[in-house]
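Asks: For reference, the chains in residue letters:
Protein chains: 2
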Amino acid sequence: MTDKLLPTFADIESAARVLSPYAVRTRLISSPALDERVGARVLLKPEVLQRTGSFKFRGAFNKLSSIPQDRRAAGVVAFSSGNHAQGVAAAAQILKMPATIVMPSDAPASKRERTKGYGAQVVLYDRDKEDREQIARDISGKSGAVLVPPFDDPMVIAGQGTVGFEMAEDFAAIGVLPDIVSAPASGGGLMAGIALAIKAKFPDATLMTAEPDGFDDHARSLNSGVRQPHRAEGRTICDALMASIPGELTFAVNSKLVAHGVTASDAEVGEAVAFAFRELKLVVEPGGAVALAALLAGRIDARGKTVGIVLSGGNVDADLFAKLIQQV
Amino acid sequence: MTDKLLPTFADIESAARVLSPYAVRTRLISSPALDERVGARVLLKPEVLQRTGSFKFRGAFNKLSSIPQDRRAAGVVAFSSGNHAQGVAAAAQILKMPATIVMPSDAPASKRERTKGYGAQVVLYDRDKEDREQIARDISGKSGAVLVPPFDDPMVIAGQGTVGFEMAEDFAAIGVLPDIVSAPASGGGLMAGIALAIKAKFPDATLMTAEPDGFDDHARSLNSGVRQPHRAEGRTICDALMASIPGELTFAVNSKLVAHGVTASDAEVGEAVAFAFRELKLVVEPGGAVALAALLAGRIDARGKTVGIVLSGGNVDADLFAKLIQQV
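Heads up: the protein sequence lines correspond to chains X and W, in order.
Take the first sequence: its letter number 93 is residue 144 in the numbering used here, and every next letter is one higher.
Take the second sequence: its letter number 202 is residue 253 in the numbering used here, and every next letter is one higher.
The hints are simulated quantities; they were obtained by calculation from the structure and are not laboratory data.
A quick note: this is a predicted structure, and the numbers were derived from the prediction, not measured.
Be aware that one or more of the hints could be misleading.
One copy or two, it doesn't matter: identical chains are merged, so the pair holds either way.
Below, computed lysine-lysine pairings styled on DSBU-like, alpha-carbon distance capped at 35 Å [said to hold, decoys possible]:
#	residue 1	residue 2
1	193	252
2	356	147
3	167	374
Between the sequences and the hints, there should be enough to build the whole structure, so can you do that?
Replies: Written out as structure tokens, the structure reads:
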């Protein structure tokens, strides 16, 4: 790992320019009901409102835009069962590039359909018997398609960093100094991009990753200073946050800039999804709500402070959403 | 009816100043998925994000703020089963005024609880046997509490007009001329306020009320030029839009400024609620989604145009919401 590979604030500024005509410029949202509940001034970054329903479009579009014109006809390939799939497919559609997405055969039909809806070719694999990375590399090798990594890539991180770039702009516009900024972490690309942008403008802000209980590889790695896998067996309702270990590039950034990690249980995440329905009137998927869940559960020392919370995605199946909002 | 009673653009500017420290400044939202679907540039005014979950807080707060200090201790009284109740209760809480809300005994428990949650006293009445206006007037007569009308009041209309005032600001900020602006109508206060604000800044914009099929008193009244009741028997899932006839003051404004009314069926409204869940990631109640429903159903000639659509509220019970999003 050399620092030469790491994205910089300038890369995020470039990404912001590249994304500007295509990404939704989401604005910070405040909720008097939330502020009262946690005794803090909370500013929500609603990436649920982003094109494709999650921040993933940003990194994907920035990466695809960096592919030289003479390589674009060969297209792109990615493996993902969820938001990255849709982000890559939508970015490829806009840039008129062919896209192949390798998805597990048990991925929810709605996610397969949405990915196909953006014009991508979907290749299914058997989660138990096949290696999706190998399948994607084979496709890349045969077709010349560029592999688009979900997080461990400087252009992807810079794209996700525009989330933090816009948050910093909005904080400044309303004259607010954020004390704390927390975002969900899986591979850590979103947090790394946000950290680069926020720390450049607000060096005193404390940054925190948010993860589901058990899937706390960032919390553990930030504590020890070295990349560690999570120890969870089984699953979490946060299907978007199941990466097994922080990325190399992302952790090189996060280990320098992020203070520590917080977690929330699946039950707390479910309550946060229901709270967002009831009080915020936003549709947030479980993985997108984990930082909010940690805040509501008192895992973030927020009282009296100004806190930025990223709601990173809203792609949740109707059945699960219905269950979560009706269980209270 | 004299013109002296009618609110003006200056009243809306005043209301915007009064509301500024307390109301959420909602920002126009765009959705590439929606734009593609209807072939238009659509800008959504998400009043679901407003304090109390609907625009009603604006009119209520502006009205209560206009009550002289020496009358405030006697408090306010209002009758409503829904969003107006919460708007008045929340405004009274902020202004430290006692509030009594007269609600039907069969109102959803969640709406009663939310209204009580803002510190209001809730008085229940029997929808079939008692006259809620009489009950409210009795309370007012005995206590000196000021009756806060749901729509037919200049200060209430001016407060709702800040919705249009902010839309006009946002249109101007992004350099957009709106061709069409549509908002849900029940008593017509929201549309009247919006019409005053939008027409002051964009005189060429075409304004349209949106109503549920059958409950189309505005559509009929705008057609004929005189106030007419709706002819619906029974109910609509748009529980917020069941006023029987346009207000006197509101229609005096709307008959001059609003072009015509559009409607949507309950099924179309349900589809719009599901669309907002799936594609916009916003929680919109049926009554709040009727203008969007009319747009999606092709009742608004939007193709190639720039269209402002007001999503006026998001207070929907979890059970109904679950049903609507799962039915597709």
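Asks: Against this structure, judge whether each hint is valid.
Replies: We went through each hint and held it up to the structure:
no.	hint	result
1	193 <-> 252	neither (44 Å within a copy, 58 Å between copies)
2	356 <-> 147	between (45 Å within a copy, 25 Å between copies)
3	167 <-> 374	both (27 Å within a copy, 26 Å between copies)
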